[in-house]
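Put together the whole structure using the sequences plus the hints.
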Amino acid sequence: NPYAGLVSHLRASWISGKTRPLEYRVAQLEALGRFLDDKKEEILEATELDMGKPSFEAFFSEILLCKNELNVTLNNLSNWMKDEHVDKNLVMQLDSAFIRKDPYGVVLIIAPWNYPIHLFLVPLIGAIAAGNCAIIKPSEISKNTERLIAEMLSCYLDNDCFAVVTGGVPETTRLLENKFDYIFFTGSPPVGRIVMTAAAKHLTPVTLELGGKNPCYVSDTCDVTNVARRVAWGRFFNAGQTCIAPDYLLCTIEMQEKLMPALRQAITEFFGPNPRESPDFGRIVSDKQFQRLRALLGSGRVALGGQTDEAERYIAPTVLADVLPSDPAMQEEVFGPILPIVVIANMDEAIDFINARPRPLVVYAFSCDSKIVNQVLERTSSGGFCGNDTLMHVTLTSLPFGGTGNSGLGRYHGKFTFDTFSHHRGCLHRNMGLETLNTPRYPPYTQQKLGLLTSTFEVKRRGTCTLL
Amino acid sequence: MQNMQQIVGRARAAFRSGRSRPLEFRIQQLKALERMVQEKEKEILAALKADLNKSGPNAYSHEILGVLRELILAMEKLPSWAAPQPVKKNLLTMRDEAYIGYEPLGVVLVIGAWNYPFVLVMQPLIGAIAAGNAVVVKPSEVSENTARLVAELLPQYLDKELYPVVTGGVPETTELLTQRFDHILYTGNTAVGKIVMAAAAKHLTPVTLELGGKSPCYIDKDCDLAVACRRITWGKYMNCGQTCIAPDYILCEPSIQSKVVENIKATLKEFYGEDVKSSPDYERIINQRHFRRVKSLLEGQKIAHGGETDEASCFIAPTILTDVSPESKVMEEEIFGPVLPIVTVKSVEEAIEFINCREKPLALYVFSNNKQLIKRVISETSSGGVTGNDVIMHFFLSTLPFGGVGHSGMGAYHGKHSFETFSHRRACLVKDLKMESTNKVRYPPGSQKKV
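Residue numbers (this note's numbering), protein chains in the order written: chain A, 5 to 472; chain H, 71 to 521.
In short, the hints are calculated from the structure, not lab data. All values derive from a computational prediction rather than experimental measurement. A hint or two may mislead.
As the list claims (entries may be wrong) - To give a feel for the contact side, a few chain H residues facing chain A, derived at Cβ under 10 angstroms:
1. Leu162
2. Tyr169
3. Gly473
As the list claims (entries may be wrong) - To list a few chain H residues with every Cβ distance to chain A over 12 angstroms, as calculated:
4. Ile77
5. Arg300
6. Arg362
Built from N, CA and C at the ideal position, the CB exists for glycine as well.
Following this line, the structure appears as structure tokens:
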């Protein structure tokens with residue numbers, strides 16, 4: 005077991021208790037903040053090399069959003085760590101009852117390549133805030149960022165408590181043989197299953213942030229220009245390599261017609277007449293992904309874009325019209341700058357279409373009529389929901405971010421990350437005195453004792469009289 | 071064997087019909103459960119007596135009372151639990167609607183255990199119904215009378231398609247676990263917990279595992295020993311020790327060991343009289359297999375009190391072992407029987423180290439007059455839950471989440487925590503299609519100004 009030594013070293017640090025004091029956690033979190041500040045240029049450069057990430061986007065997702073999470077955590081950590089006192093019943097009025105937030109121990113964070121800093125750093129913020137030690141496993145596919153993390157993080161964090169492991173599938177498989185106290189995984193559903201199966205061997209709790217095909221319903225009553233802009237922004241951000249991107253559009257044939265010029269307009273506004281020359285449009289991360297995406301272009305008909313350049317791994321912002329449910333683009337998560345449009349007759353058909361498929365990470369609905377937005381919300385199920393926009397729900401740290409069903413289990417962001425990495429321990433601290441009050445519960449059991457127990461223990465319906 | 075695919079398929083179709091979602095429906099089903107418990111009280115108590123030799127008042131207070139409490143709580147609080155929870159917004163979302171919506175997960179599976187066979191099936195069922203799900207109930211076949219009764223009663227009171235009961239043993243449960251569920255709550259042992267989680271992993275099904283372990287009980291020199299021992303005796307020997315949160319073993323300094331034994335002995339006499347075997351309030355071991363398992367733990371041990379057994383009636387007397395070696399068999403596995411080992415330690419530091427060398431337990435108990443010491447033990451250890459200066463009682467406060475950590479389990483339930491366990495908390499952000507100018511800042515082309 006090549007990682008046994010590393011894991012036991014971290015476990016020894018964990019047992020020493022050094023990660024528990026508030027001051028220690030704050031110091032490590034502040035160090036993470038300095039990492040983001042000091043290495044900003046390196047991060048922008050590495051992500052550009054990895055997937056042509058535009059620096060505007062990289063700054064927004066890899067630096068700004070991460071710093072937000074850091075600040076929310078630093079501002080609130082001491083409160084979050086406090087014991088949460090709970091309402092007591094009659095029998096326990098003189099006792100102390102609270103929920104203690106205990107760290108789990110040594111946790112494992114596995115991050116993907118598409119937002120390679122954000123998707124390890126935001127979970128790590130919660131892991132540190134909750135008092136754990138952590139092993140970080142960045143993705144080998146975003147290899148420049150992987151190298152940056154492996155080389156630089158150790159200069160900022162306590163190496164006895166936080167370590168980076170690099171490598172691919174074989175290394176991750178070996179790593180997963182070890183016992184961790186929590187595993188946080190972001191990636192695809194098939195690998196999510198592998199991670200959870202490995203976790204089951206040690207009864208390790210997990211959070212799985214997976215993916216799926218996020219449907220985007222556009223009703224006939226809407227402001228076409230604004231819809232086109234918001235959808236295009238969400239779809240083409242990071243060249244479509246976003247787990248919460250609108251994966252495909254559902255609309256009527258008339259709306260498809262109306263959207264096309266609006267989408268063309270939005271794409272031109274964003275990226276100019278030749279997106280290949282825009283510094284604001286990304287590239288596909290690898291040859292494998294590029295080939296996969298190019299094969300999807302045969303679905304429906306190419307209404308906008310469609311150009312590709314293998315050497316650059318460039319795929320133009322593309323819209324496919326009249327896509328059929330049986331087409332390749334509808335068989336897997338697109339995860340690229342291609343937007344298939346599937347034509348449906350009406351909202352009910354759209355809802356049925358969505359519900360016939362695995363639960364996605366997010367459902368989007370656009371309409372000027374709030375009743376329609378609410379109907380789509382109420383009649384579907386997904387990790388999250390965003391009405392009349394894309395992506396934005398994940399920038400609000402007070403909203404839990406996570407999937408359901410095939411799109412994942414667990415949630416994080418803001419306090420939810422801290423809660424994810426804490427064991428919520430129910431604690432009751434009783435009084436040693438007043439032993440006579442306990443008599444009804446002891447044998448020998450009698451009806452009389454039972455009557456007493458019933459009246460003191462029971463929750464009475466409102467409107468009935470209560471004893472004492 | 072029942073056709074699992076059909077049963078689960080029917081439950082899923084029933085869930086898809088949407089009828090379990092309206093609050094009125096859920097409350098109506100919960101009311102029906104309440105009626106069932108009230109109308110069939112005699113039958114429920116008879117089943118518990120047949121399975122575990124539980125006396126009437128005992129069974130009522132341990133199983134029925136708790137269920138009625140959860141039902142009343144759920145019916146009363148459901149509207150507030152299910153209401154969307156608005157969240158704090160930021161500058162960019164000031165004019166939007168942002169909230170967390172509570173939605174049913176779909177079809178959930180509840181697998182019960184045999185030691186408290188009624189409450190361990192009913193409490194999760196209540197939470198799952200309250201959250202709007204369809205629920206497949208699988209009571210433990212080991213407590214066969216209760217399993218049979220649950221299978222008979224639930225269809226008489228509840229929607230038959232939404233809440234089917236599946237009976238059977240290992241082969242049936244294995245088959246059931248190949249089906250897809252949206253959440254599984256399993257109560258039982260660690261080994262099977264791993265099997266359940268591995269099966270769940272195939273479908274990416276979230277799980278709540280209520281497992282077990284050896285719940286330690288540290289008795290400080292500085293404490294009212296008579297009171298402490300009475301409370302410990304109650305918690306240890308109730309249900310013949312077959313309680314997942316029973317104090318499994320005692321840690322104390324050698325100087326108080328014999329006083330502890332004396333106090334427990336005195337309390338046992340108070341509780342069960344001179345002849346424990348003829349007390350109507352003392353239960354039996356569930357079956358011969360467990361009887362033999364627990365009996366074998368006595369081999370080579372110093373028996374300070376008890377030790378009598380009778381295989382024919384699965385009787386094992388309340389037993390205390392002293393000067394137990396940490397390496398002995400009785401200290402390896404969860405005892406789950408009326409045998410209480412005392413392991414001596416020199417100090418609270420040694421006790422803490424002893425506890426931390428072992429798997430995280432479901433419960434942890436510490437008795438002391440010294441509040442600081444209790445705080446210290448809690449802070450320097452980990453466990454599912456804690457009761458200080460008593461045992462078991464944290465289970466009865468439904469505002470506390472009840473669950474394990476590490477090998478003792480994952481997830482939690484009781485009260486509102488059940489509702490949250492069986493719900494999907496969906497993040498919802500609803501914006502206006504207008505107000506596009508505020509969005510311009512985020513659109514390409516990028517610029518330093520926009521940054």
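Can you list which hints this structure breaks, lowest number first? 5
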